[in-house]
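Asks: Protein chains in written order, with my numbering: chain A, 186 to 458; chain U, 186 to 458; chain B, 186 to 458.
Some clues are possibly wrong.
Stated by the list, open to error - Simulated restraints on C-beta separations:
1) A:Ile454 / U:Arg291: 47 to 57 Å
2) B:Thr330 / U:Asp336: 58 to 68 Å
3) B:Glu287 / U:Glu349: 52 to 62 Å
4) U:Met424 / B:Thr445: 49 to 59 Å
5) B:Glu287 / U:Arg371: 45 to 55 Å
6) U:Gly422 / B:Glu349: 48 to 58 Å
7) A:Ser313 / B:Ser238: 41 to 51 Å
8) A:Asp425 / B:Arg188: 44 to 54 Å
9) A:Glu287 / B:Glu349: 29 to 39 Å
10) U:Lys197 / B:Arg253: 27 to 37 Å
Stated by the list, open to error - Listed below are the simulated DMTMM-like cross-link pairs for lysine to aspartate or glutamate, each with C-alpha atoms no more than 20 Å apart in a straight line:
11) U:Lys426 / A:Asp428
12) U:Lys297 / U:Glu267
13) A:Lys365 / A:Asp400
14) A:Lys426 / B:Glu447
15) A:Lys297 / A:Glu267
16) U:Lys426 / B:Asp428
17) A:Lys347 / A:Glu332
18) A:Lys426 / U:Glu295
19) U:Lys264 / U:Glu295
20) A:Lys283 / B:Asp428
21) A:Lys426 / B:Glu346
22) B:Lys448 / A:Asp425
23) U:Lys197 / U:Asp231
24) B:Lys426 / A:Asp428
25) B:Lys426 / U:Asp428
26) B:Lys297 / B:Glu346
27) B:Lys426 / A:Asp425
In case anyone wonders, no lab produced these hints; they're calculated from the structure. C-beta atoms are modelled at their ideal positions from N, C-alpha and C, and glycine is treated no differently.
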Amino acid sequence: MFREMFENVRSKNPLIHNITNYVTVNDCANIVIACGASPIMADDKDEVADITSICSGLNINIGTLNSRTIQSMLIAGKKANELNHPVVLDPVGAGASKLRTETALRLLEEVKFTVIRGNISEIKALASGSSSTKGVDADVADKVTEENLDDVVAFAKAFSEKSEAVIAITGVIDIVADSKKAFCIRNGHPMMSSVTGTGCQLSAMTAAFVTANPDHPLEAAAAAVAAMGYAGEVAFGRMDKMDGNSSYRNYIIDAIYNMTPEKLEKGAIYEVR
Amino acid sequence: MFREMFENVRSKNPLIHNITNYVTVNDCANIVIACGASPIMADDKDEVADITSICSGLNINIGTLNSRTIQSMLIAGKKANELNHPVVLDPVGAGASKLRTETALRLLEEVKFTVIRGNISEIKALASGSSSTKGVDADVADKVTEENLDDVVAFAKAFSEKSEAVIAITGVIDIVADSKKAFCIRNGHPMMSSVTGTGCQLSAMTAAFVTANPDHPLEAAAAAVAAMGYAGEVAFGRMDKMDGNSSYRNYIIDAIYNMTPEKLEKGAIYEVR
Amino acid sequence: MFREMFENVRSKNPLIHNITNYVTVNDCANIVIACGASPIMADDKDEVADITSICSGLNINIGTLNSRTIQSMLIAGKKANELNHPVVLDPVGAGASKLRTETALRLLEEVKFTVIRGNISEIKALASGSSSTKGVDADVADKVTEENLDDVVAFAKAFSEKSEAVIAITGVIDIVADSKKAFCIRNGHPMMSSVTGTGCQLSAMTAAFVTANPDHPLEAAAAAVAAMGYAGEVAFGRMDKMDGNSSYRNYIIDAIYNMTPEKLEKGAIYEVR
């Protein structure tokens with residue numbers, strides 16, 4: 186089924202509006218192209234509604250937020266909701282500063298997200314802080330392991346039910362859940378954490394996948410997560426002994442570029458809980 | 186003749202002020218160095234006049250414009266005009282939002298540009314919107330092909346006459362025209378559109394070329410366009426079966442770094458219309 | 186001794202707050218990871234105090250400063266001082282515009298820096314402009330050579346005494362000095378100047394080194410400078426005939442990733458004056 190999700194990205198070539206941080210923006214643009222979609226980056230409040238309108242999906246990443254771009258995120262998010270465009274939130278660093286946590290929570294209040302993708306700490310910061318998610322027990326561990334996997338899955342499902350978004354928690358094991366069903370994905374390679382922005386890249390790519398598959402947000406997000414992890418494996422397989430994290434960064438994007446829907450279908454390692 | 190244009194970049198090593206977007210800025214800096222010039226990036230209104238003054242040329246790219254940087258573009262553009270420095274405009278996304286179209290048009294009104302480089306849609310958005318270009322028939326096709334090439338050439342010449350800038354329209358066939366003469370350049374590779382910012386990179390490099398060849402803006406711009414296309418071919422020739430758009434991005438810049446004026450002269454494929 | 190400095194970065198994995206320019210920010214993040222530390226990029230005045238507080242060190246780079254980020258640099262710098270965190274200043278382009286020179290000087294007045302790293306022109310602009318450094322003879326040459334090395338060493342020591350910061354002047358020969366002792370480092374490769382931001386990367390890495398070695402700022406900064414130069418040599422050794430400055434950029438970061446403390450100890454070429 187991941188195959189169909191990916192085929193739709195390649196055949197529909199959706200245009201994705203990204204309001205994202207300046208650290209990893211170039212890699213986000215290139216990976217969106219690599220997977221078969223097209224990126225536009227624009228973050229001024231006076232144009233984001235226009236740009237959102239000509240696109241089919243929106244990716245909001247708060248990585249280097251500031252007062253100017255926060256306003257733009259809200260405007261673009263609401264416009265995307267109005268137009269029924271899928272919207273992805275990457276709450277980078279939620280929990281690390283009051284501004285980030287509050288901005289992420291405000292976005293959750295004012296914008297309906299299709300997918301929220303972050304690491305376990307970021308997702309917990311949202312789940313415990315959000316008034317709309319009161320009652321979600323965010324007291325899960327800070328690292329996902331085989332031992333606590335069921336707890337994290339339950340947490341993800343509960344947060345999905347409250348937020349009405351697909352929740353993608355990425356780490357050693359990735360969990361992509363709606364309120365009823367969770368994909369536990371075991372692709373990836375530890376070295377991916379040595380490249381800045383693999384999470385940002387995944388969020389941008391997730392926006393492409395859910396936009397190309399509007400009726401299957403859960404499966405589309407899971408396919409994007411599996412594609413990223415599988416790309417990390419393929420890329421690692423190319424590593425020469427003098428290669429380091431900078432070459433690895435290139436190889437990951439290259440691997441998405443060369444991945445076929447068939448290869449993803451075969452390479453994806455997951456179970457449903 | 187492209188050889189001499191390129192030789193002058195390498196021997197004069199001009200310093201180029203870039204006000205450009207944060208998506209592709211690193212690649213722009215590296216390609217400016219690769220071709221033999223030196224980049225400075227600075228976009229605050231309180232320093233752009235100073236920075237323009239110590240440079241020899243200016244590149245304005247509206248890719249991630251905002252109210253703060255628009256002001257800086259106007260200040261820097263006017264200062265460059267005052268100092269008789271060549272100025273390149275890359276109207277990224279003109280036509281895609283009101284803000285972009287209006288900003289590009291305002292820049293055209295208030296700043297004299299040496300070269301305007303964009304794709305056919307962007308250039309059409311400028312030509313049809315600009316009061317100073319009224320009378321230019323922008324009703325050409327949205328894609329340049331062998332069939333409509335003469336029409337696009339005529340359009341480019343007319344817009345050049347009105348705007349008093351060299352017009353560089355890049356795509357499958359590139360057209361670089363002043364009011365009387367047009368270079369139709371057939372270098373390049375389709376995969377170049379899989380790398381974000383090859384257009385931005387070309388505009389930055391064009392600023393280097395016209396700055397090093399102030400008496401030959403048409404030929405200098407055409408040489409830059411041919412160099413970029415030829416680099417795309419050389420880079421593609423290096424591609425390994427696991428390489429994708431991220432490696433290709435590196436190879437294009439590498440190809441400019443290793444290109445000699447002689448190789449450009451031999452590799453350039455063009456005719457004059 | 187450089188070995189111990191590097192070992193501490195790898196074992197302590199310090200979290201480094203970077204307020205830096207958008208040109209080279211991605212490379213800065215990746216090289217900080219490559220050397221064994223972790224980067225956070227954040228530049229909004231409403232969150233920099235929070236972010237500085239959860240980090241152990243701070244790197245301030247004025248490369249694409251603006252009125253908004255200047256404020257953030259001051260807030261973060263003061264907070265870091267309050268918390269006794271090491272702070273590195275990279276005065277990119279000091280001397281090139283009034284805004285840059287004045288901002289760098291203001292930062293020097295209001296923030297206590299552990300290390301100031303720049304090229305000779307930038308460091309001279311600070312030394313001659315700063316009221317707190319009056320009496321430092323900045324009338325040294327604009328290029329460090331074997332002939333004027335003793336003069337530059339004396340200048341660096343004098344500026345270190347006045348500024349109470351370790352001074353790192355990088356170029357063909359690198360000088361890292363406190364008021365009494367200077368390391369003259371002869372690692373590096375001329376091609377490093379063909380990659381945008383090797384200086385920025387070094388400053389970010391220096392912050393990691395001094396943070397992991399709080400009692401040895403001079404030796405830690407010298408180790409970072411030697412590591413960068415040595416990486417430039419190792420990376421050049423990998424260059425294929427089609428490789429250019431873009432591949433070289435990747436290879437430098439890769440070389441830091443693969444460098445061991447032992448290799449640095451053996452590869453470092455320096456003398457103490």
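Asks: If you draw a straight line from the CA of Lys297 (chain U) to the CA of Glu267 (chain U), is it 20 Å or shorter?
Replies: Roughly 10 Å separates the two Cα atoms, so the pair holds.
Asks: Do the beta carbons of Glu287 (chain A) and Glu349 (chain B) sit within 29 to 39 Å of each other?
Replies: 38 Å, holds
Asks: Please verify whether Lys197 (chain U) and Asp231 (chain U) have alpha carbons no more than 20 Å apart.
Replies: 28 Å, violated
Asks: A range of 58 to 68 Å was offered for this pair. Does it hold for the Cβ distance of Thr330 (chain B) and Asp336 (chain U)?
Replies: 60 Å, holds
Asks: Is the straight-line distance between the alpha-carbon of Lys365 (chain A) and that of Asp400 (chain A) 20 Å or less?
Replies: 16 Å, holds
Asks: Given the hint that Lys426 (chain U) pairs with Asp428 (chain B), does the C-alpha gap stay at or below 20 Å?
Replies: Satisfied, since the Cα-Cα distance of roughly 17 Å is no more than 20 Å.
Asks: Given the hint that Lys426 (chain B) pairs with Asp425 (chain A), test it: the Cα-Cα distance must not exceed 20 Å.
Replies: Judged against 20 Å, a Cα distance of about 18 Å means the pair holds.
Asks: Are the Cα positions of Lys347 (chain A) and Glu332 (chain A) separated by 20 Å at most?
Replies: Measuring from Cα to Cα gives roughly 25 Å; hence the hint is violated.
Asks: Is it true that Lys197 (chain U) and Arg253 (chain B) lie within 27 to 37 Å of each other by Cβ?
Replies: Check passed, 36 Å falls within 27 to 37 Å.
Asks: Would you say the C-beta atoms of Gly422 (chain U) and Glu349 (chain B) sit inside 48 to 58 Å of each other?
Replies: Since the Cβ atoms of Gly422 (chain U) and Glu349 (chain B) sit about 55 Å apart, the hinted range of 48 to 58 Å holds.
Asks: Starting from Lys426 (chain U), check that the Cα of Asp428 (chain A) is at most 20 Å away, please.
Replies: OK: Lys426 (chain U) and Asp428 (chain A) at ~18 Å, within 20 Å.
Asks: The hint says 45 to 55 Å between Glu287 (chain B) and Arg371 (chain U); measuring C-beta to C-beta, is that right?
Replies: 50 Å, holds
Violated hints, listed in ascending order, are 3, 4, 7, 8, 17, 18, 20, 21, 23; each of the other numbered hints is respected by the structure.
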